[in-house]
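Participant: Spelled out, the chains give:
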Amino acid sequence: GAVVSQHPSRVICKSGTSVKIECRSLDFQATTMFWYRQFPKQSLMLMATSNEGSKATYEQGVEKDKFLINHASLTLSTLTVTSAHPEDSSFYICSARGGRGEFTDTQYFGPGTRLTVL
Amino acid sequence: GQNIDQPTEMTATEGAIVQINCTYQTSGFNGLFWYQQHAGEAPTFLSYNVLDGLEEKGRFSSFLSRSKGYSYLLLKELQMKDSASYLCAVRGNNRLAFGKGNQVVVIP
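Just so you know, the protein sequences line up as chains A and B, in that order. In this text, residue positions in the first sequence follow my numbering: the first is 1, and each later residue adds one. In this text, residue positions in the second sequence follow my numbering: the first is 1001, and each later residue adds one.
These are computed hints drawn from the structure, not numbers from a lab.
Quick list of simulated restraints, FRET-style, between CB atoms:
#	chain 1	residue 1	chain 2	residue 2	range
1	A	Met-45	B	Gly-1028	18 to 24 angstroms
2	A	Lys-41	B	Asn-1030	25 to 31 angstroms
3	B	Asn-1030	A	Gln-29	17 to 23 angstroms
4	A	Ile-12	B	Tyr-1070	38 to 44 angstroms
5	B	Asn-1094	A	Arg-114	27 to 33 angstroms
6	B	Gln-1079	A	Val-3	23 to 29 angstroms
7	A	Thr-82	B	Ile-1017	44 to 50 angstroms
8	A	Ser-5	B	Gly-1058	24 to 30 angstroms
9	A	Ser-89	B	Gly-1028	29 to 35 angstroms
10	A	Arg-10	B	Thr-1044	17 to 23 angstroms
11	A	Cys-13	B	Glu-1056	41 to 47 angstroms
12	A	Gln-42	B	Tyr-1070	20 to 26 angstroms
13	A	Pro-40	B	Thr-1011	18 to 24 angstroms
14	A	Ser-5	B	Val-1105	27 to 33 angstroms
Derived pair list, reagent style DSBU-like, types lysine-lysine, alpha-carbon separation capped at 30 angstroms:
#	chain 1	residue 1	chain 2	residue 2
15	B	Lys-1100	A	Lys-41
16	A	Lys-20	B	Lys-1100
17	A	Lys-55	B	Lys-1100
Some chain B residues close to chain A (C-beta under 8 angstroms, calculated; not the full set):
#	residue
18	Ala-1042
19	Tyr-1048
20	Phe-1098
21	Gly-1099
22	Lys-1100
Here the structure is a predicted model, which means the values were calculated and not measured. Ideal Cβ placement from N, Cα and C applies to all residues, glycine included.
Bound conformation, chain A alone:
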């Protein structure tokens, strides 16, 4: 299957700071990338969908000014949590879907980033 990497895997930060999470598709070109958040024992909740070179589409209730998403290339998307607060502590997972071939229809997930805001 396709490989999606995410960095960092774990981050602890102070309240008020900004955190950037990178998501890369390593062996395919991802025309669409997705960012999810998962709280303990909860389902994955889609935060936003981004297509390369265009603005991200945010789900209802997700603040676009707080969760900045950049999809600058076909292999890289970044999520920046600005002015993080303890309630933003969660497991953030990116997912990528390719434009053709075997990767077209399937979303492959990165390993996730555990964010803890103190």
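Knowing the structure of chain A, use the given hints to seat chain B on it.
Facilitator: Structure of chain B alone, referenced to chain A:
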């Protein structure tokens, strides 16, 4: 919107067969996925169904009935490493929505 329902937890014995059901409601259906997620890790892709019927992949099989809004994942010859949460995800109108997952606990 999308609505996905899965049972929450089940326990099964090593070597047994277990079936995990998923019912869904969505508009613009364009595929149903099953993922496996171990605690603290991201989901890993197991199977994809877009047409009715059974897809078999080694010890795992997935079935889809679009008219009934129903799918199941069948796990055969259960192994201890199969203890995980199994997520049903439905793509509708180009959005992939997840169920809460079914926690399978495999015991010796």
